[in-house]
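Protein chains: 2
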Amino acid sequence: MPKRLAPVVQKTRIQSQNEALILDAALDVFSTYGYRGTTVDQIAAKCGLSKPNLLYYFRRKEDIYTAVLERTLTLWLAPLQALDADKDPIEELTRYIEAKLDLTFARPEASKLFANEILHGAPHVAAFLNGPLKELVAAKAKVIRHWVKLGKLRLVEPEHLIFAIWAVTQHYADFGVQVEAVIGTKPAIEKVKAAVVDLLLRGVDPEKPHR
Amino acid sequence: MPKRLAPVVQKTRIQSQNEALILDAALDVFSTYGYRGTTVDQIAAKCGLSKPNLLYYFRRKEDIYTAVLERTLTLWLAPLQALDADKDPIEELTRYIEAKLDLTFARPEASKLFANEILHGAPHVAAFLNGPLKELVAAKAKVIRHWVKLGKLRLVEPEHLIFAIWAVTQHYADFGVQVEAVIGTKPAIEKVKAAVVDLLLRGVDPEKPHR
DNA sequence: ACGACTCTTGACCATTTGATCAACATTTAT
DNA sequence: ATAAATGTTGATCAAATGGTCAAGAGTCGT
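Those sequence lines, one after another, are chains A and B.
The opening residue of the first sequence carries number 246 in my numbering; numbering runs sequentially from there.
The opening residue of the second sequence carries number 246 in my numbering; numbering runs sequentially from there.
These are computed hints drawn from the structure, not numbers from a lab.
Among these hints, one or two may not hold up.
For identical chains, the list gives no copy identity; a pair is met inside one copy or between any two copies.
As the list claims (entries may be wrong) - Simulated pairs of lysine-lysine, PhoX-like, Cα-Cα distance not exceeding 25 Å:
no. : residue 1 : residue 2
1   : K397      : K438
2   : K332      : K394
3   : K332      : K385
4   : K291      : K256
Using the sequences and the hints, build the whole thing.
So this is what it looks like as structure tokens:
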């Protein structure tokens, strides 16, 4: 009788190996078809395990989903956490935007997975949004307000600046097919970086007043 | 034997009434749960019809989906079409952004429905993206380049400006739960308009060079 | 009032799919 | 080598779900 590893004493080699396999496959499938749109069979096929075997590692489909989702959340917070109040704001924001775009281009599936979750009302990550994310944004908004006070940044609403950065960067993953359709090819990351940084930080108005 | 209305000679009162009912309900449900996440029963319950009755008007679930999707596409193109090359670019772009935000706040479900479709690879609207949308963007990109040439706009990549406007405006619908969680309340449209227009058109850099 | 057409529905069907289980296989510690 | 623990799977189940159908109810023009 296989006992289910409740507090997971110690993962065996096969365990960690197969769990990684499953989560990688699950990320691909969930991000493409959404939660309801993916079947356990699909994930099993993708990673070469049988369905019962897969369900041996994750009892329920939902467990796979939350596991893969949580794995991406930490990844998601990292770049924003790095915003440093003591450095130059334009350089810091540039670095942040470029780091976010690097992530977007390197792991579009992760972006899509998250987008899908939020789009459907964030049923699995409400706690994350109202907890860690809210606090992090509050902290970084304070940093941005500090920069504004020093005159190193125009008067902006920090939260909305952060939303704008999120929206624009993730757009290239979440709406990738639309982007490709409209411009005819897969966009080059360097061009996107230049365009987005310029747009968000410098704006389009040639006669911008200085305050 | 009820013959199915192939070229739809003339819709009866009950027909147009019920079809509207169905499409309204379907928009709500599809935008919340996605295509696969939605059941015909849900839609039927939402509009107070029985499932077989609903399927009398739309033979297949997919027919309901494409119908409601197409209804939103036209709505989606309208504001961009209005961009007028002969008027002031900043005013025109401001108007466009505000119109898009009006739509976003008035019909977040429509935005979500579209986002969901694109996120999942746009299986039903590939033709729309590669046809009408691509052409419209090409035309308006030309308008923007014209403005740049006249020196009325900083040097920007028109397509990416358009993407940025789409991304940021729709973010307030598609990622609405995240926005609310982070700032604690439903954002006021007027504040959002001011913030977004300022960000996208004026940027954040207080020392922006003029070329 | 009547017939033809439109509309509505309860019952039903076939398929998909998440999940279980008993039996079998492999790995690991001693 | 052996037993215990861990890993694997074919067969199977129950529920959910898209879709059908025949029969009945309502609407409408004449």
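Open item on the list: If the cut is 25 Å between Cα atoms, do K291 and K256 qualify within a copy, between copies, both or neither?
Closed with: within (23 Å within a copy, 47 Å between copies)
Open item on the list: At most 25 Å between alpha carbons: which applies to K397 and K438, within, between, both or neither?
Closed with: both (22 Å within a copy, 23 Å between copies)
TODO: Using 25 Å as the alpha carbon limit, work out where K332 and K394 are close: within a copy, between copies, both or neither.
DONE: For K332 and K394, only the intra-copy Cα distance (14 Å) is at most 25 Å; the inter-copy one is 36 Å.
Task: Same-copy or cross-copy closeness of K332 to K385 [CA-CA at most 25 Å] - done: Within. Shortest intra-copy distance 13 Å satisfies the 25 Å Cα cut-off; inter-copy 39 Å does not.
In summary, the structure agrees with every hint in the numbered list given earlier.
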